[in-house]
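*Asks:* These are the residues of each chain, in order.
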Amino acid sequence: IASDTRLGINFQTVATDFKKVFKMNDKLYVGLAGLATDVQTLDQLLRFRNELYELREERKMKPETFSNLLSTMLYEKRFGPYFCEPIVAGLDSKNKPFLSGMDLIGATVIADDFVVSGSCAENLFGMCESLYKPDLEPEELFETISQCLLAAVDRDALSGWGGVVHVIKPEGVISRELKGRQD
Amino acid sequence: MSEYSHARTPMEEPAGFSFENTMRNEMLQRAATSGRPLPSATKTGTTIVGMIFDGGVVLGADTRATNDTTIAEKNCEKIHYIADNIYCCGAGTAADTEKTTDLISSQLELLRMNSKSQPRVVTACTLLKRMLFRYQGHISAALVLGGCDVNGPHIFNIAPHGSTFSQPYTTMGSGSLAAMAVFETEWRENMDERAATELVKKAILAGVFNDLGSGSNCDTTVIRVDGTVTVTRGAVTPNDPLKLRSMINRSSKMTIPLGATPVISSTYTPFTLADVTVTEMETE
Chain A
127 IASDTRLGIN
137 FQTVATDFKK
147 VFKMNDKLYV
157 GLAGLATDVQ
167 TLDQLLRFRN
177 ELYELREERK
187 MKPETFSNLL
197 STMLYEKRFG
207 PYFCEPIVAG
217 LDSKNKPFLS
227 GMDLIGATVI
237 ADDFVVSGSC
247 AENLFGMCES
257 LYKPDLEPEE
267 LFETISQCLL
277 AAVDRDALSG
287 WGGVVHVIKP
297 EGVISRELKG
307 RQD
Chain B
923 MSEYSHARTP
933 MEEPAGFSFE
943 NTMRNEMLQR
953 AATSGRPLPS
963 ATKTGTTIVG
973 MIFDGGVVLG
983 ADTRATNDTT
993 IAEKNCEKIH
1003 YIADNIYCCG
1013 AGTAADTEKT
1023 TDLISSQLEL
1033 LRMNSKSQPR
1043 VVTACTLLKR
1053 MLFRYQGHIS
1063 AALVLGGCDV
1073 NGPHIFNIAP
1083 HGSTFSQPYT
1093 TMGSGSLAAM
1103 AVFETEWREN
1113 MDERAATELV
1123 KKAILAGVFN
1133 DLGSGSNCDT
1143 TVIRVDGTVT
1153 VTRGAVTPND
1163 PLKLRSMINR
1173 SSKMTIPLGA
1183 TPVISSTYTP
1193 FTLADVTVTE
1203 METE
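Sequences listed follow chains A and B, in order. Sequential numbering of the first sequence, starting at 127, is according to the working numbering. Sequential numbering of the second sequence, starting at 923, is according to the working numbering.
Everything labelled a hint here was simulated from the structure, so no lab data went into it. Be aware that a few hints might be false.
Said to hold, decoys possible - Below are the EDC-like pairs computed for lysine to aspartate or glutamate, each with C-alpha atoms no more than 16 angstroms apart in a straight line:
#1 B/Lys996 <-> A/Glu180
#2 B/Lys1175 <-> A/Asp239
#3 B/Lys996 <-> A/Glu248
#4 B/Lys1175 <-> A/Glu269
Stated by the list, open to error - Label-pair restraints from in silico Cβ distances:
#5 A/Arg182 <-> B/Phe1055: 21 to 29 angstroms
#6 A/Leu171 <-> B/Tyr1003: 42 to 50 angstroms
#7 A/Arg173 <-> B/Asp1114: 34 to 42 angstroms
Claimed, not checked - Far from chain B by the CB rule (all over 12 angstroms, computed), these chain A residues:
#8 Phe144
#9 Asp169
#10 Lys259
In this text, all values refer to a predicted model and were calculated from it rather than measured experimentally. Glycine included, each C-beta is placed from N, C-alpha and C at the ideal position.
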């Protein structure tokens, strides 16, 4: 799962280290694109609900369950939504990868290849459709997703200013900061 | 004991829609002039159809979900489960059709447990229309409800504002005119299952190829009066890109060599497994 790190107000860049991908548990990450205040609020709410779940159930939440939780949380605000389009990425208990994306009111897309979200979603779709191949090794996957992200955000004035990639493997997570164009 | 384990924390709100952010959002929409427009909901442009045949009902749907003009999902599922004998196709805003059908499915399941009898299609129809009318069309869900119960096979057409009607065959969605053209030409009473399924596929394909909001594959669901159901995901897949894609010769540039991406920093966090100690069992 990867994101850029720009925070802006229309055309002004306010921060270049804004966190958009959040860890929910060791094998579950959520990426939130959209209005910054809703990104941070949703991160807090999701961590709250996740931790409450872990206390009650005494186990980690499965990615599918988390995706459903996020979907219902967004739909609750159907007539006054959070302006966020999230992506959920994780490994289930059998270490099988899970990917899902949502629109701002919780309509879920569960994909077996890729999900994209953000101001340059069309660019990302194009890059992923071209570069994606199934059954890539973790290192190859890192290179592929990084190139997709960097190429897509370079054609969008509102995205870029650095990137972050997390590759979730059954043994651990490798997080890397990318060197991208700072314009 | 259960009161303690499920104690309501101050932050937990009651179930149902919450209108907390409506004022703030209105202000944001007025302020959003330059820069990026606010995100929009995924729609299901859609062609959905339903018809009664001699022995049950057939429901059909395309599989495209769109976000303005971008396709959000190429193979989404638009025929939703309501009960073992009742299924519902949904057109309109994707989240609305998904959540509304899920809600009514739960309500019907509780009703089934309470009444100990098989749910009736007209019950699902009434539950849906009462909810949709309450929200005055703001829940944008146009549904084709079909199923078989003790009174025989039924097809209901439910509009977003809450009006319903029952017909032997019906279509909804942006591709409904294309599909209805096929139905009006070829529908007859008491068709057999094979002919009915072929007609439904033909109607959906008319929508897939002529309506820009519909596309990809055709899914069908057959619900028979004897209680059996056949759900077929991808009954017709005329737009399968796999054959064409396998013919693409990707240049070696598309395979990115390892180490090509410039990285500033890298951290590896291994998962700490719980300490496992094995105590031998005394078997002697």
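*Asks:* Give me the numbers of the hints this structure contradicts, sorted from smallest to largest.
*Replies:* Hints 1, 2, 5, 6, 7, 10 are the ones this structure does not satisfy, whereas the remaining hints hold.
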